[in-house]
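Protein sequences appear in the order of chains A and B.
So the mapping is simple: this note's numbering equals the position in the first sequence, first residue as 1, plus 4.
So the mapping is simple: this note's numbering equals the position in the second sequence, first residue as 1, plus 10.
Any given hint could be a false lead.
[Unchecked claim] Okay, derived cross-link-like pairs now, PhoX-like style, lysine-lysine, Cα gap no bigger than 25 Å in a straight line: (1) B/Lys-107 to A/Lys-96; (2) A/Lys-249 to B/Lys-175; (3) A/Lys-100 to B/Lys-175; (4) B/Lys-40 to B/Lys-203; (5) A/Lys-173 to B/Lys-81; (6) A/Lys-105 to B/Lys-199; (7) A/Lys-27 to A/Lys-139; (8) B/Lys-87 to A/Lys-249; (9) A/Lys-100 to B/Lys-209; (10) B/Lys-185 to A/Lys-38; (11) A/Lys-256 to B/Lys-175; (12) A/Lys-27 to B/Lys-185; (13) B/Lys-152 to A/Lys-275; (14) B/Lys-203 to A/Lys-105; (15) B/Lys-48 to A/Lys-96; (16) A/Lys-275 to B/Lys-188; (17) A/Lys-121 to B/Lys-107; (18) B/Lys-87 to B/Lys-163; (19) B/Lys-213 to B/Lys-81; (20) B/Lys-40 to A/Lys-100; (21) A/Lys-100 to B/Lys-213; (22) B/Lys-107 to A/Lys-105; (23) A/Lys-121 to B/Lys-207; (24) B/Lys-213 to B/Lys-40; (25) B/Lys-81 to A/Lys-96; (26) B/Lys-213 to A/Lys-105; (27) A/Lys-96 to B/Lys-203; (28) B/Lys-81 to A/Lys-249; (29) A/Lys-105 to B/Lys-209; (30) A/Lys-256 to B/Lys-185.
Hint data in this document are derived by calculation from the structure and do not stem from the laboratory.
Residues per chain are reported as follows:
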Amino acid sequence: MNYFLYQGCSLEASGVHYLVSLKAVAKVLGLSLKEIEDWNCCGASISYVGGNELSVDVLAARNLALAEAQGGMDIIAPCSSCYVVLNKVNRKFQEKPESLKEVNQVLAEGNLQYSGKIRVRHLLDVLYHDVGLDKIRSAVKRPLQGVAVAGYVGCQSVRPYGEYDSAEKPVIQDRILEAIGATAVPFPTKMRCCGSGLFLTELDYCYELIRTILSDALNNGGKIISTVCPMCQMNLEAYQDRMNKALGTDFKVPILFLTQLMAVAFGLSRKEAALDRLMISADPYLKAA
Amino acid sequence: MEQVVGPKYQSKGSAGKDYDPSFAREVYEKVDSGAELKMCMQCGVCAGSCPLRDKMDYSPRKIFALIRAGKREKVLKSKAIMLCTSCYSCIVRCPRKVPVMDIMHGLAHYALSLGYKPRAETALFGEKFWGNIYRLGRVDEKDVALRYFLGHKLSDAVLLMLENKNMGLGMLRYKRMKVLPERPLKNIKSFRKMLDKAKAMGKGGAA
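Model the full assembly from the supplied sequences, consistent with the hints where possible.
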């Protein structure tokens, strides 16, 4: 199975443990991932400040056009923000041909053009619909028996269209967690927003958002939180300590990427699972497995 | 505007007289996705779905009502139009398929381009973020954060850096920060040409 990987900016820095574990897991599952050459940032959720809608569309379109010129395979966007931006713009091109025409006038500055035909997929979509639970199950060497995980999907992973899973009550991540032997606890706030790009500028509001998510995970019996979004991972993990000080709480919840848990279950090394990159260690909970 | 109040229901108060459609027309024409708000039926599902609704001076629904009522200053100065986290809840749930989030982004961009600063901090951060994209084609997290801190007056910049010190050190310690500066895209020149052209061609920000 051949795909383009649109890793995005976060996966090269604060979310590098997502990229490391994703590549390790992909190898086990027989996914061949090729980086889109010379890809650019998707603009994420704050691009509206500096760019108008056409500029933001162009950011996505350039990546899509590059993918088309480099082979036309489906794009896997593991970062939820990359996924939602690329997918939304792509859908717009398909529904409103005039917007694609306009964008192509801009892409011509770099001798690029886009037909609107590339498919943008979230990692969860590919894991569930292309790889399948059976294959994932058969790769498990060390089932995460007894590990209670709250599967945090985050707001952007299945939106705006809910193409591969429900946009309100998604279940795919929980099914994958179960396939690797973990217990997926009920988690009503699995789609609540973590605060996204507002963390640097509206910290007090964001503390409240992540407190809700963390306490909901614990109240439902979760010991660790699994996520598929680098923004969610960073906000929930790296700000936990500061939030504790600000709100007088005492959370110490490890936040892992789903691919890290998969890597552990597949019997891969700590380094391949990138467990050494976590600020809040998950070892006490994973040893029991 | 022509009064459409019949003799039997003629208003004695100000109802009807205050209604000024000029700002709504301005939004339809000049704000990205602005014309989409014609479909809004004021049900409030967007407000009920917004994770930061209780922190907003006006909910998205109220913003749309204010636009229709011609309250230009109130809308363009509203702190609500820059509090969107882009979670898409409003878009997913709107029964009339209004892209509420896109309109809020469009309004914020429009307000900023006219010199309004609904939220100065987020505006500064967003400006540095876009600056990275334009300069490099990609975003270098540490670079954006540093430029954001240094965009303040010195005493505030120092305070911000101290507040975020542990975060930065943590990222370094766990090898989650690029130590070297990010290099620009191979085709950065044509990339910038595209962004320049898109800026010139697009609406939403035309002064």
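Hints, one by one, checked against the model:
no. : hint                   : verdict
1   : B/Lys-107 to A/Lys-96  : holds, 14 Å
2   : A/Lys-249 to B/Lys-175 : holds, 15 Å
3   : A/Lys-100 to B/Lys-175 : violated, 46 Å
4   : B/Lys-40 to B/Lys-203  : holds, 23 Å
5   : A/Lys-173 to B/Lys-81  : violated, 38 Å
6   : A/Lys-105 to B/Lys-199 : holds, 22 Å
7   : A/Lys-27 to A/Lys-139  : holds, 17 Å
8   : B/Lys-87 to A/Lys-249  : violated, 33 Å
9   : A/Lys-100 to B/Lys-209 : holds, 20 Å
10  : B/Lys-185 to A/Lys-38  : holds, 24 Å
11  : A/Lys-256 to B/Lys-175 : holds, 20 Å
12  : A/Lys-27 to B/Lys-185  : holds, 17 Å
13  : B/Lys-152 to A/Lys-275 : holds, 24 Å
14  : B/Lys-203 to A/Lys-105 : holds, 17 Å
15  : B/Lys-48 to A/Lys-96   : holds, 19 Å
16  : A/Lys-275 to B/Lys-188 : holds, 18 Å
17  : A/Lys-121 to B/Lys-107 : holds, 24 Å
18  : B/Lys-87 to B/Lys-163  : holds, 23 Å
19  : B/Lys-213 to B/Lys-81  : holds, 21 Å
20  : B/Lys-40 to A/Lys-100  : holds, 19 Å
21  : A/Lys-100 to B/Lys-213 : holds, 17 Å
22  : B/Lys-107 to A/Lys-105 : holds, 23 Å
23  : A/Lys-121 to B/Lys-207 : holds, 24 Å
24  : B/Lys-213 to B/Lys-40  : holds, 6 Å
25  : B/Lys-81 to A/Lys-96   : violated, 31 Å
26  : B/Lys-213 to A/Lys-105 : holds, 16 Å
27  : A/Lys-96 to B/Lys-203  : holds, 23 Å
28  : B/Lys-81 to A/Lys-249  : violated, 41 Å
29  : A/Lys-105 to B/Lys-209 : holds, 16 Å
30  : A/Lys-256 to B/Lys-185 : holds, 21 Å
Of the numbered hints given earlier, the model fails hints 3, 5, 8, 25, 28; all others are met.
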